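Q: Residue numbers (our numbering), protein chains in the order written: chain P, 1 to 235; chain Z, 1 to 683; chain W, 1 to 266.
Since the hints were derived computationally from the structure, they do not count as laboratory data. Remember, it's a predicted structure, so these values are computed and weren't measured experimentally. Some clues are possibly wrong.
[What the hints assert, rightly or not] Just the calculated beta-carbon pair ranges, DEER-fashion:
hint	chain 1	residue 1	chain 2	residue 2	range
1	P	Phe156	W	Phe131	16 to 26 Å
2	Z	Asp15	W	Ala203	49 to 59 Å
3	P	Gly223	W	Ala203	55 to 65 Å
4	W	Phe145	Z	Gln415	46 to 56 Å
5	W	Ala78	P	Pro72	15 to 25 Å
6	P	Tyr101	Z	Gly441	43 to 53 Å
7	Z	Thr164	W	Ala78	53 to 63 Å
8	W	Leu85	Z	His39	19 to 29 Å
9	W	Lys193	P	Gly223	29 to 39 Å
[As the list claims (entries may be wrong)] In silico DSBU-like cross-links for lysine-lysine, where the CA-CA straight-line distance does not exceed 30 Å:
hint	chain 1	residue 1	chain 2	residue 2
10	Z	Lys551	Z	Lys355
11	Z	Lys594	Z	Lys671
12	W	Lys193	P	Lys87
13	Z	Lys198	Z	Lys151
14	P	Lys87	Z	Lys411
15	W	Lys132	P	Lys87
16	Z	Lys151	Z	Lys445
17	Z	Lys190	Z	Lys151
[To be verified] These stretches of chain W come out as covered by chain Z in the derived footprint (C-beta under 8 Å, 3 or more residues):
hint	region
18	93–100
19	105–112
Note that the Cβ used here is the ideal one computed from N, Cα and C, for glycine as well.
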Amino acid sequence: MADSKEFIAGVDSNAKKSPRRIVFITRRTSAQVKVDTEDQVQTFPEVLFRAAVAIQVLAIALVWIALIFNAPLEGLADPSHTPNPAKAPWYFLGLQEMLHYFPPVVAGVLAPGLVVMALIVIPYFKVNIEADGLFLRDRQHRLSIFYAVASALSIFLVSFKVYAALVPTLIMVGLMLIAAQSSPQSSSAFRRYLAARPLSYWVMTWFLFELVVLTAIGTFFRGPGWAWIWPWQGF
Amino acid sequence: MKEKLTSLWQKLFGDSVRAFGVVSCLFLVSLAIAPAKNHFSEWRHYQHGYLKMIRNRSDAATLQRHFEGGIQQIWLPDLGVVDRCTSCHVGLKEASLNDVSQQPFRPHPVIPHKLGQFGCTVCHRGQGAATTVAEAHNSTLAWEQPILPAKYIESSCGECHRGTLAGTPQLNQGRSMLSRYGCVHCHTVKLPDGKIMKAADDPPSLSHIADKTTREWIYAWLKDPQAYAATATMPNFKLSDDDARDISAFLIANSTTVPEDTIALSAKAAADPTAGATLYGESFCASCHAVQNAAGNLVGGNVGPELTRVGNKVKPEWLQAWLRNPRIYNPETAMPHYRFNDAQVATLTGFLLAKTDSDLLNNVHLEAATPEQVEHGKRLVADYGCASCHEITGIKKPENFAPELSRIGSKPVTQLVFLRGMQHTLPDYIATKIKQPRSFGQNLKMPQYAFTVAQIDSLTTALLALNDRSFTLPPSLTVAAKAESDYQPAGKAGKLMTDLACFSCHRINGHGGDMAPDLTWEGSSVQRQWLMEFLKNPNTLRPALIRRMPKFNLTDSEANELTDYIMTVYQSPAVDRDSMPLSGYSQGQVELGKQLYYGKYACQGCHILDTKMDKGYVGPTLTRVGSRLTAAWVFQWMKNPQALRPGTLEPNRAMSDEDARALTAFLISQKVGSKSEVAKAKR
Amino acid sequence: MATVKTADRYFDDLRSTRVWRSVFRSGTGSSTLHRALAIQQNVFLHLFSTKVRTRMLSVSATWYLGTLTLGTFLILVATGIPLMLYYHPSAPQAYADTKDLQFVVSSGMFLRNLHRWSAHAMVFLVFAHMFKVFYRGAYRTPREFNWVIGVVLLLITLLLSYTGYLLPWDQLAYWAITVGSNIASAVPVMGNKIHFLLLGGNAVNANALLRFYVLHCMILPLTAIFFIAIHFWRIRKDGGLYSHASEPATLRAKATSSSTTATEGQ
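Please put together the full structure from these sequences, using the hints given.
A: Written out as structure tokens, the structure reads:
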């Protein structure tokens, strides 16, 4: 491959040990492959055993947790005694926290529905599929759209008094503003990094941020009557 | 060293296969800890301890034979009982271990039930299914009811036993206090048998209170009822001076007069101050009313109000009218209508009015009430729910004034608000709430009662018995309370009995008090002549007792009426009064009876027949029994006293007919001295 | 080292026995072919590719999140089956069974603890896996569909955890499910019907318990296994574990930025 052949055809002498890709070139195709063969390992035993070790390490950790901490169990289910607060499993507490602010149709149906839809369409989403930085092209136009969306979202959250969700949103907007002011030529590595982030990155990070914040609030900061409480106060 | 470590790391984790091997070992070791943890469980530890303990005892063989290893449980599906307490408490049934004081190996004290019959948690609470000490005994997230403190254990008896029970004095007291102290006026208590608990106190009507007392006394009373009478049932509402002033203003303004309620008598009190005391004693006022003596001790009964400072309270005109006939002011009163003459009324009034405490009303100076104060007083009366207990003109009795207590014994701890520093358990909450209701919030309405610690424990015990289990028990397991009877005698005699308040002391057909003998079968038991004499001039049958029936000064026609009614109506179907003669028994029979009396049955242990020799003070005196009782009654009594009067102390000696007949002959012959006694009474 | 070699030889001997040969078809020997066959000839392992890019072995590449998620799933199956032996899905009995697991079943508490904590771990790992895949960009063509299957698996995981949450039949379970299922009522038009269908009634009761039990122990695990199989199989079919540096686009960019073609391999 040191010579500038356009393609490789044939079988390596060590084929039995390390099979290689064979390219068949029909007349109409001009071979363009410039891929170097990457280092690969056999799944068996290398990968399989590593995976097994990883699973076992996790299992050991979980076994020790199970030995030390008992799973919660409360009194017999009693429809006539509602605990206060009645909390959903932790992974739904973000949702329950949203139910505190929005009508159930919005928080319980629309929001999670949209999230699932968005997750499904992410890979089919044409914008930024090339992973270009959001503000690197068409900057003015995109900035004005960004301002519009950011302010609309903020006003929406303020009007529902969802300050818990507003704070992460504003932090994300701030980061995006820094990104807008940065370019791949920026001096700081952090700015160069931000400048290269595509739209999908921003949307997903915002979602992750909100998810973590809302779930944490629902889990640790909500007491009787879904009132704000500090974790050390207990209830 | 470092190289060694590196080479060791290489050896163990050098490639993924080795790492897999090493981690697999670690994993298996970790997994093996779970069964090991299981093996060193608490109950195994205690069972080993038990076996070690009994090994050196003389009764080791028996104990070891009784011992069963492994998790033990008492399973009673009907009761929802799965009690594994016996896994650690292994020696519960071993009476021979009664010298062991170390828990969990102590044997259970003797109780009327078999241990396996109801399991453990039905009485002791706690989590029966648990097999660790902490989970079984304490309150956890998964099980709220901790072990019931031993001092409240009688509450568990009350889950099944709805009536009074000889072995549970604390529960009985608590239950009677619920009605005696008027708790149930404000708090509804539905009993598991569907009835609603009724109050047994008799809070006076306040509709005519101005006839009876002064505004100053009401003020002082409202501020601190116990300052007037230590035994007062009325609790302290901790009213401010202004509130007490306004309530007293309203009550006086709201009061209406009852005709004939106050009278000014012409007769003067006897000059001799001892005459009043003598009359007070002869009328046996102390059977019902208490008075504090010089030593500060209360002397007297608790049916009527304490009279220590009654002179501060009542108006003289009202007191005279009341003594003459209490039923005019209060037709429902438990006080009998003594037929006092004017002189007696005057003497007694003078005696009672002298009972004052100069300090009580000294500092009470009230201005004339303004309409605003009266209006404010009315609002306060409504706010504090005074009408829950007292009848007050124009104020309706509030409904559901205080929380219902029907299932207070199962109230979830999560629904309670505790004070700082108190234990988070239901019994503690209830006890504290009774002890200091206002400590849970200054705006709460529940007043402060003056209960002793024992009384609080009793009330807590009774309240803990009002729980879910007592409502959900299968009917076959419950022991119902004796039905309350509301028997009322009919006709003219019935009216007379009400007027004399016989039922304040006597019980007839399940209705009435328990201070004096049950009269349900009185007509079968006594001779007409004796009864007639007794009603006119009662004398005591039991020399050891201070209390006896007071003299009501009945007229002949009244006594006749009453005697006829009692002789006719209160007859036992088991005793035919006329089946045995009152005389004509052979001397031999009487002699045999005498021998049996002093010999075989040793009756003199409890009864007095010969006033010089006998020392028995348990039963009534029998010196004149031949003039008092009917022969048929005595015969049946000898045969089976409990059949005639359930619960009597008289033992059932399972006498043969011959013995019973001989004893009857002997007792009926005991008329000695009766003639002179009757003559004395007539004089 | 000698002992290890001996162990290897013992292992080789074992692998050449007739019984072993009848079970595993790859045969003895440690040549590349044999190793490839070990994967290909195994009904479970053939879902995976026979080779993996070396760079994907490093922990930082994937954090092994997908593997660990599979691990929790395996633990959950392994602990869930013994738990089923002690459990009746009927209203008060379920709670008593949970209590018995805690107090009288040998290591019952451990089983339940492990099941519970693994379930929480699985939900967490699935989320972590999703975000890691996203930030690696591993959802891009041609792996779009495998991403979608991943989203489906996320939902199944949530449902598995949610249905399992009710089974102890304690206050925690009852009210968590009540709160959660009430959200379903908010769906316009169909809300109450969905709520009814989910619970088998208008409130959480014995019917809901049975329904959740069947979903939790039967329907959802089978569905999960089905999709997990597709998920793994698609990794192979979509070109192995995604590595950004190995992508054609990246390589093209690299090729244009430097004048020479990549030749490190030789």
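Q: Each hint should be assessed against the structure and marked as holding or not.
A: Verification of the supplied hints:
Between Phe156 of chain P and Phe131 of chain W, the C-beta spacing of about 25 Å keeps the proposed range 16 to 26 Å intact. Separated by about 58 Å at the C-beta atoms, Asp15 of chain Z and Ala203 of chain W satisfy the suggested range of 49 to 59 Å. Checked against the given bound of 55 to 65 Å, the beta carbons of Gly223 of chain P and Ala203 of chain W, roughly 25 Å apart, lie outside it. Between Phe145 of chain W and Gln415 of chain Z the CB atoms are about 53 Å apart, so this pair conforms to the stated range of 46 to 56 Å.
Ala78 of chain W and Pro72 of chain P have their C-beta atoms about 22 Å apart, which keeps the hinted 15 to 25 Å range intact. Tyr101 of chain P and Gly441 of chain Z have their C-beta atoms about 33 Å apart, which leaves the hinted 43 to 53 Å range violated. Between Thr164 of chain Z and Ala78 of chain W the C-beta distance comes to about 60 Å, which sits within the given range of 53 to 63 Å. Taken as a hint, the range 19 to 29 Å holds for the pair Leu85 of chain W and His39 of chain Z, whose Cβ atoms sit roughly 21 Å apart.
Distance hint for Lys193 of chain W and Gly223 of chain P: a CB-CB separation of about 34 Å, consistent with the stated range 29 to 39 Å. A distance of roughly 23 Å separates the Cα atoms of Lys551 of chain Z and Lys355 of chain Z; the hinted pair therefore holds under the 30 Å criterion. A threshold of 30 Å between alpha carbons decides the hint, and for Lys594 of chain Z with Lys671 of chain Z the separation of about 14 Å falls inside it, so the pair holds. Restraint check for Lys193 of chain W and Lys87 of chain P: the C-alpha separation of about 23 Å stays at or below 30 Å, so the hint holds.
Distance check on the hinted pair: Lys198 of chain Z and Lys151 of chain Z sit about 26 Å apart at the alpha-carbon level, within 30 Å; holds. For the hint pairing Lys87 of chain P with Lys411 of chain Z, the CA-to-CA distance comes to about 22 Å; that is within 30 Å, so the pair holds. Taking the CA atoms of Lys132 of chain W and Lys87 of chain P, the gap is about 29 Å. The hint holds against a cut of 30 Å. A C-alpha spacing of about 29 Å is found between Lys151 of chain Z and Lys445 of chain Z, which places the hinted pair at or below 30 Å, so the restraint holds.
For the given pair, Lys190 of chain Z sits about 25 Å from Lys151 of chain Z by alpha-carbon distance, which is consistent with the 30 Å threshold. Remark: the region 93–100 of chain W is confirmed as covered by chain Z, as 3 of its residues place a Cβ nearer than 8 Å to a Cβ of that chain, reaching the required three. With a cut-off of 8 Å between beta carbons, the region 105–112 of chain W has 3 residues touching chain Z; three or more are needed, and the interface restraint holds.
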